[in-house]
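Chemist: Residue-level listing of the chains:
There are 2 protein chains.
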Amino acid sequence: MDVEKVFHMTGGVGKTSYAQNSSLQKKASDMVKHITMETIEELYYSIAPKSLGIADLGCSSGPNSLSLIKDIVEVVEETSHKLFHPLPEFRVYLNDLPTNDFNSVFKSLPDFYRDLKKDRNEGGPAIFIAGYPGSFYGRLFPNNCLHFIYSSYSLHWLSKVPPALYDEHGKSTNKGNVYISESSPPSVSQAYWNQFQEDFSLFLKSRSVEVVTGGRMVLILLGRIGQDHVDRGNSFFWEILSRSLAISVSQGQIDREKLDSYEVHFYAPSTNEIEDEVGREGSFEVDRLEMFEIDREAKDGESYGTAVAMTVRAIQESMICNHFGDGIDLDTLFNNYGKMVDEEMAKQN
Amino acid sequence: MDVEKVFHMTGGVGKTSYAQNSSLQKKASDMVKHITMETIEELYYSIAPKSLGIADLGCSSGPNSLSLIKDIVEVVEETSHKLFHPLPEFRVYLNDLPTNDFNSVFKSLPDFYRDLKKDRNEGGPAIFIAGYPGSFYGRLFPNNCLHFIYSSYSLHWLSKVPPALYDEHGKSTNKGNVYISESSPPSVSQAYWNQFQEDFSLFLKSRSVEVVTGGRMVLILLGRIGQDHVDRGNSFFWEILSRSLAISVSQGQIDREKLDSYEVHFYAPSTNEIEDEVGREGSFEVDRLEMFEIDREAKDGESYGTAVAMTVRAIQESMICNHFGDGIDLDTLFNNYGKMVDEEMAKQN
Chain A
1 MDVEKVFHMT
11 GGVGKTSYAQ
21 NSSLQKKASD
31 MVKHITMETI
41 EELYYSIAPK
51 SLGIADLGCS
61 SGPNSLSLIK
71 DIVEVVEETS
81 HKLFHPLPEF
91 RVYLNDLPTN
101 DFNSVFKSLP
111 DFYRDLKKDR
121 NEGGPAIFIA
131 GYPGSFYGRL
141 FPNNCLHFIY
151 SSYSLHWLSK
161 VPPALYDEHG
171 KSTNKGNVYI
181 SESSPPSVSQ
191 AYWNQFQEDF
201 SLFLKSRSVE
211 VVTGGRMVLI
221 LLGRIGQDHV
231 DRGNSFFWEI
241 LSRSLAISVS
251 QGQIDREKLD
261 SYEVHFYAPS
271 TNEIEDEVGR
281 EGSFEVDRLE
291 MFEIDREAKD
301 GESYGTAVAM
311 TVRAIQESMI
321 CNHFGDGIDL
331 DTLFNNYGKM
341 VDEEMAKQN
Chain B
1 MDVEKVFHMT
11 GGVGKTSYAQ
21 NSSLQKKASD
31 MVKHITMETI
41 EELYYSIAPK
51 SLGIADLGCS
61 SGPNSLSLIK
71 DIVEVVEETS
81 HKLFHPLPEF
91 RVYLNDLPTN
101 DFNSVFKSLP
111 DFYRDLKKDR
121 NEGGPAIFIA
131 GYPGSFYGRL
141 FPNNCLHFIY
151 SSYSLHWLSK
161 VPPALYDEHG
171 KSTNKGNVYI
181 SESSPPSVSQ
191 AYWNQFQEDF
201 SLFLKSRSVE
211 VVTGGRMVLI
221 LLGRIGQDHV
231 DRGNSFFWEI
241 LSRSLAISVS
251 QGQIDREKLD
261 SYEVHFYAPS
271 TNEIEDEVGR
281 EGSFEVDRLE
291 MFEIDREAKD
301 GESYGTAVAM
311 TVRAIQESMI
321 CNHFGDGIDL
331 DTLFNNYGKM
341 VDEEMAKQN
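So the protein sequences, as listed, match chains A and B. When we follow full-length UniProt numbering, the leftmost residue of the first sequence carries the number 1, and every step to the right adds one. When we follow full-length UniProt numbering, the leftmost residue of the second sequence carries the number 1, and every step to the right adds one.
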């Protein structure tokens, strides 16, 4: 499967869209917002460019895509004011895969620009927002054009399902699971880890050519606390997806073989792994590496399990539909998913 | 009506899409392709930048959007080869209104990049293609980032319907017509001309800040041969649209008042008018100004009138739907349109 041509957060603004089901991702960005803004401030103090290049890698669609930009503009306004500098020109590079719903991001731009200009003298900042579609595991932007690179909730997605998961006959060595689980052989976690190493170092190498000397990055991604791959953080939610898909198999909606061959293109690295990879690749230095835990709140009248199910659906629907075809009933699948999460949570309490 | 939020070529790849009904526009671009390519060549000889910025204003969606880029890359490859220069990095800025179907342009990018790399050594040119949504009647791009600006079949679209067409009660002074016609009072053509002047000079002023010294533009737009606004070139086709809409009124599909207030945001300048405006604004010099005539060929088994009707539908559907609402039957409207064009053509022969 060609991830670049298939994978996307569910577009539009409907009930199952990413736009409506990305409050968890927003919460995570908000939790580290102080780090992002401090980084921007330090960067501006040290370089103070006349034209500031900012990239958001994996911008997706929905309210999260542009809220960061507004915050950055405000911090730079304050900082340039303190320094008695004229406000720089802002070049904003929004990136995601070519299958992302850029149309809905672009349609919200006229209102975004209007709001930015409101209450500001001289017509507000000069800001040029563009969409740069493509995989961030490779070059995306011209040489030396960026001062600040941001990526939230994207780098845990691999460029592809690790090919080493499949044997010489193309059969998965991780049958019955969609990610590393208790029952996975050690070769499975090795295959995922190798794919992450390959992808993450290509990411760093590509960005190193695009960022100016002294530029900065803030990367927010899912990770795991210890060395064990099986935990309550990430693998638990993939485990529930495996079990939900198994119900669809038992109901005859999808073939057992289809499920056996389905694996997610995801990896949750540990902080050690990230540090080692950055060091090994050599283009960047780690300035600050923090692990934080986040939990989602359910909306009013909605169970915790349902909220998780909607989040997972918004990020997985494109891949599941592509792999399993039209026969699969997504409403039932994620209904089962939500119920199972609630049951597991009840057991823990 | 806010043109920026409504107007777009019909998206997607369906039967009534712009992608399927823009062969006329392609033919026009092809007719002046030698001028475009000579301009690129001259530009590269005189500046030879390491990083070449190219903008396509009004890129729309469909096959036309990217075919120009491929041609430009090839000419620059040849020219840099002749000069023993390394190939520059290409920065491509695709612009259209935020309502344009950028998604379908972006989805075709992976194949476009793959084709570019085919048969080329060293992985092909470094090319970074971005979407910059917004009105070109205002700033779009960072300062001094462009070497070449191209716009085909876009600058005859005004930023808005000229407000001066409406009297103090908001009633159109051009009732029964959607553009300048035989029966329009002189104030109507004056209103259109003033709007064109305002828009075109803002266009030139905005671009002058974005283009580097020595940069070049190629602009292709509809125009008129003489000073008379009413001719067989443009106003004729709007006249047929007025008459087709009048049939929809007589059939009770739309209100007479709705038709009276409908005017297109279009202007076909003469070569003198363009020359005068460029001179008056002062940022650019006219190097070459040519008028050419173009006629469309019908597809197999389709009448000439039907072909014209499909072209007009693909460019007008968004505005007509927004103004007249869902009650209007577009199939019937453009069926009538096509028949009337065929009848008029038969009269001439």
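Since the hints were made in silico from the structure, they are not lab data. Incorrect hints may appear among the rest.
It does not matter which identical chain is used: a pair holds within one copy or between any two.
[Said to hold, decoys possible] Straight-line Cα separation of at most 25 angstroms, DMTMM-like style, residue types lysine to aspartate or glutamate; simulated pairs:
| # | residue 1 | residue 2 |
| --- | --- | --- |
| 1 | K26 | D231 |
| 2 | K118 | D255 |
| 3 | K70 | E210 |
| 4 | K107 | D2 |
Chemist: Hint by hint, note whether the structure agrees.
Modeler: To see whether the hints hold, each was checked on the structure:
no.: 1; hint: K26 <-> D231; verdict: within (23 angstroms within a copy, 57 angstroms between copies)
no.: 2; hint: K118 <-> D255; verdict: neither (56 angstroms within a copy, 38 angstroms between copies)
no.: 3; hint: K70 <-> E210; verdict: both (23 angstroms within a copy, 24 angstroms between copies)
no.: 4; hint: K107 <-> D2; verdict: between (28 angstroms within a copy, 13 angstroms between copies)
Violated hint for the displayed structure: number 2, the only one.
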